[in-house]
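If you count by the working numbering, then the sequence shown holds residues 494 to 709, one letter each, in order.
Simulated from the structure, these hints should not be mistaken for laboratory data.
Hints are not guaranteed to be accurate.
Said to hold, decoys possible - Within a straight-line C-alpha distance of at most 25 angstroms, the following computed DSS-like cross-link-like pairs (lysine-lysine) qualify:
hint, residue 1, residue 2
1, K548, K702
2, K517, K702
3, K687, K577
4, K548, K530
5, K687, K530
6, K535, K548
7, K548, K687
To be verified - With beta-carbon atoms standing in for the labels, derived distance ranges:
hint, residue 1, residue 2, range
8, I591, F546, 35 to 45 angstroms
9, G697, P608, 13 to 23 angstroms
10, G697, S603, 14 to 24 angstroms
11, S616, S685, 20 to 30 angstroms
12, E674, L502, 17 to 27 angstroms
13, W707, S616, 28 to 38 angstroms
14, F546, I504, 15 to 25 angstroms
15, R704, S603, 51 to 61 angstroms
For each residue, glycine too, the CB sits at the ideal point set by N, CA and C.
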Amino acid sequence: CAKYPNLRLLIVDSIADAVSGSAKENNEVRRALMPIKEFSEKLGVATLGVAHFRKGLGGSAMSRVMDSVAFAGMARLVMVAFKKQDHGLVLMRAKSNIGLAQDGYDYKFSMQDLPGFPGVTGSLITWGDLVEGSADFHLQQAESDRGEGGSASADDTQLDKAASFIVENLMQGNGARRAGEVEDEAAAAGISDKTLKRAKRMLGVKSLKGRSEWYW
Numbered sequence: 494c495a496k497y498p499n500l501r502l503l504i505v506d507s508i509a510d511a512v513s514g515s516a517k518e519n520n521e522v523r524r525a526l527m528p529i530k531e532f533s534e535k536l537g538v539a540t541l542g543v544a545h546f547r548k549g550l551g552g553s554a555m556s557r558v559m560d561s562v563a564f565a566g567m568a569r570l571v572m573v574a575f576k577k578q579d580h581g582l583v584l585m586r587a588k589s590n591i592g593l594a595q596d597g598y599d600y601k602f603s604m605q606d607l608p609g610f611p612g613v614t615g616s617l618i619t620w621g622d623l624v625e626g627s628a629d630f631h632l633q634q635a636e637s638d639r640g641e642g643g644s645a646s647a648d649d650t651q652l653d654k655a656a657s658f659i660v661e662n663l664m665q666g667n668g669a670r671r672a673g674e675v676e677d678e679a680a681a682a683g684i685s686d687k688t689l690k691r692a693k694r695m696l697g698v699k700s701l702k703g704r705s706e707w708y709w
């Protein structure tokens, strides 16, 4: 934009606030985010959308992103931040269309005076060591270490598995897949129809009728 010729980064916090309709509806989310995407591409600006985790869901890091799967689906890169086992902080890649979808770095916060502004303090991030592996593994380890939700029942474990399956499956189809394909692939993965439908309701995934068949 002419007023800010040196603009390089746009931060939307939270990204769900950019949606005037329901942030749980894939179509509404994609429609609302399209102008931001086009603005970023036109001006060569990187856009960072801030989202939050669902509470107490478990499962993969990608399935934890709050509201519609389209938020994570439209992003080229999804990074997650959380407390790890030793209660430090870690930032990891959970999805990447431009590189590896794993690994990350330790980091910590501290408060320091701003140079040239005596008495004014601000937050400082100090980066630490490389953390290797998947965000899913480290997130599950961190939650297990903190005892979140207690020990998971077999039912909860299957529900988490189904939720992760749905998110990853729909992202392969850019946010929509034929219902029959999803159900067949879930059955092949050992997920019962009952558990699959429970996870679908929990995630807010909708069924829409196409010309001749249903889509998720």
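Please verify whether K687 and K530 have alpha carbons no more than 25 angstroms apart.
violated (37 angstroms)
Restraint status (C-alpha distance of K548 to K530 at most 25 angstroms)
Roughly 28 angstroms between the alpha carbons, so the hint for K548 and K530 is violated.
Indicate whether the distance between the beta carbons of I591 and F546 respects the range 35 to 45 angstroms.
Violated, since I591 and F546 (Cβ atoms, about 23 angstroms apart) do not stay within the stated range.
Is K548 within 25 angstroms of K702, Cα to Cα?
violated (31 angstroms)
Distance restraint hint 20 to 30 angstroms, applied to the beta-carbon atoms of S616 and S685:
violated (46 angstroms)
Pair hint K687 and K577, alpha-carbon separation not exceeding 25 angstroms
Since the Cα atoms of K687 and K577 sit roughly 33 angstroms apart, the hinted pair is violated (cutoff 25 angstroms).
Restraint status (C-alpha distance of K517 to K702 at most 25 angstroms)
Answer holds: K517 to K702 is near 18 angstroms, not above 25 angstroms.
So does E674 sit 17 to 27 angstroms from L502, Cβ to Cβ?
38 angstroms Cβ-Cβ, so the 17 to 27 angstroms window is violated.
The hint says 28 to 38 angstroms between W707 and S616; measuring C-beta to C-beta, is that right?
At roughly 48 angstroms between Cβ atoms, S616 and W707 fall outside 28 to 38 angstroms, so the hint is violated.
Going straight from one Cα to the other, do K535 and K548 come out at no more than 25 angstroms?
violated (36 angstroms)
How does the Cβ-Cβ distance of F546 and I504 compare with 15 to 25 angstroms: does it lie in that range?
holds (18 angstroms)
In this structure, is the beta-carbon distance linking G697 and S603 contained in 14 to 24 angstroms?
Roughly 38 angstroms apart at Cβ, these two residues miss the hinted range, so it is violated.
Checked against the numbered hints above, the structure violates hints 1, 3, 4, 5, 6, 8, 9, 10, 11, 12, 13; every other hint is satisfied.
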